[in-house]
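2 protein chains.
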Amino acid sequence: MSGSATLTLTALAGVPNVTDGDNLVAIILSALEASALTLQTGDVVVLAQKIVSKSEGRTVDLATIEPSDRARELAAVSDKDPRVVELILRESTEVLRSRPGAIIVAHRLGFVCANAGIDQSNVGAGGDDRVLLLPKDPDASSAAIRRELKRRTGADVAVLVIDSIGRAWRNGTIGTAIGLSGLPGLLDLRTRPDLFGRPLQTSELGLADELASAASLIMGQAAEGRPIVLARGVPYDRREGTMRELIRPKEMDLFR
Amino acid sequence: MSGSATLTLTALAGVPNVTDGDNLVAIILSALEASALTLQTGDVVVLAQKIVSKSEGRTVDLATIEPSDRARELAAVSDKDPRVVELILRESTEVLRSRPGAIIVAHRLGFVCANAGIDQSNVGAGGDDRVLLLPKDPDASSAAIRRELKRRTGADVAVLVIDSIGRAWRNGTIGTAIGLSGLPGLLDLRTRPDLFGRPLQTSELGLADELASAASLIMGQAAEGRPIVLARGVPYDRREGTMRELIRPKEMDLFR
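Chains A and B supply the protein sequences, listed in that same order. 61 is the number that my numbering gives to position 61 of the first sequence; each next residue is one higher, with no gaps. 36 is the number that my numbering gives to position 36 of the second sequence; each next residue is one higher, with no gaps.
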């Protein structure tokens, strides 16, 4: 038996539509102000991938993309735009499966996802010919934002970049960590005893993924657009961390 | 741009060690009181599988289990107690994979998980020879608890039963919905336009799984033991719901 514990997630008000080259730290700070919140050491700032990618100029005009033969073949199988398939292949190291509408790949960042995380929605006024790639290095993006938030506010916060990703076996996407800084990706429970002093069977907890799902729940989807969440009360040990902790090596994976 | 939105998850104080036949609704209500909280319509009460299973008497004494030949063979491959493997087989409809330490199955409830969710930790003072099965019908457990909470408090809340479940491709378990009542398992986004009026690509959100992960994050593990979470501010439409929404049919699954 123990005392209560509270986790509070606030999807911030006052976030404008982010475009290429916008200063995300300035946007975070003014959204905090619009929501009457001040950063505290130990908080986690959770960012939707989309605004990180946009601020880093990861929008691609499909008119500039020439699909390879392989992209054209895979486009026929998956019923997708060959230029989008070309980008999916460039962003991936391996195609695991494909079906109409989805190509499941190992992204160059290491994790498995559909369509290399390339997004055709909410890209901007350019219309259907613009798509958005994932950030080049979301761990590095998180670390840079974290440093700048520390410099400007004095608070030592963690930063987490998330995307909505599908899974094997279950319907529906869930918020999933694709980059982080200042918190663990994975919590190792193997050395902790259970209530009766026996070692726990379940050995590792996907801490950053659980937080990603929690933040996704309150971000809302589509037109609501609340891509910045402040999480307060997350039980974590402050350390550098990387999203690579969450990626199961291929040779250990029974389902690749 | 829109106003801020807040999701609050409180892991309740005052939850005793639950044993066979305990009245879980009485335990929830006294834990709420110990945490100075009152149920409100629209809240979600999230329960760790373990306390639901225990209250339903799902503890099994391994001394009563005679392993079949198949269980003995699989026990050799997976390096597990043949009696536990016998229970895993009884609780499952199909073995997908096995490796030392884990047998990945389709549980009779429909979802894929390791070791049929059978838990050897925190079962009680009986020692290593007692294990805990999942509830017989977690949707029905959730509905019964929901009805009784409504009767006793007047508040129309949703109830969610969660377990820590591993995934393909990623390290670490995450809180996952195994039973629910009064909220959707899945949120269909296919008809909603994005910020620029185009249909959203990502079509379905695993709402109950996101909430399960959020609650798991604050429940804490092992010795801390905070198995009841009150979630307030979850954006959901009240309807009956079932965890079956979240299970991808085998014939639609590229990874079975």
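Be a bit skeptical, because a hint or two may be false.
If several chains are the same, the list does not tell them apart, and a pair holds so long as it fits within one copy or across any two.
To be verified - Here are the simulated lysine to any residue pairs, SDA-like style, with alpha carbons at most 25 angstroms apart:
| hint | residue 1 | residue 2 |
| --- | --- | --- |
| 1 | Lys250 | Val60 |
| 2 | Lys136 | Glu148 |
| 3 | Lys250 | Asp79 |
| 4 | Lys150 | Arg239 |
| 5 | Lys250 | Ala102 |
Hints listed in this document are in silico derivations from the structure and should not be mistaken for laboratory results. On a predicted model such as this, the values are computed, not experimentally measured, just so you know.
A quick look at each hint next to the structure:
no. : hint             : result
1   : Lys250 to Val60  : neither (30 angstroms within a copy, 36 angstroms between copies)
2   : Lys136 to Glu148 : within (19 angstroms within a copy, 51 angstroms between copies)
3   : Lys250 to Asp79  : between (28 angstroms within a copy, 22 angstroms between copies)
4   : Lys150 to Arg239 : within (15 angstroms within a copy, 44 angstroms between copies)
5   : Lys250 to Ala102 : both (21 angstroms within a copy, 17 angstroms between copies)
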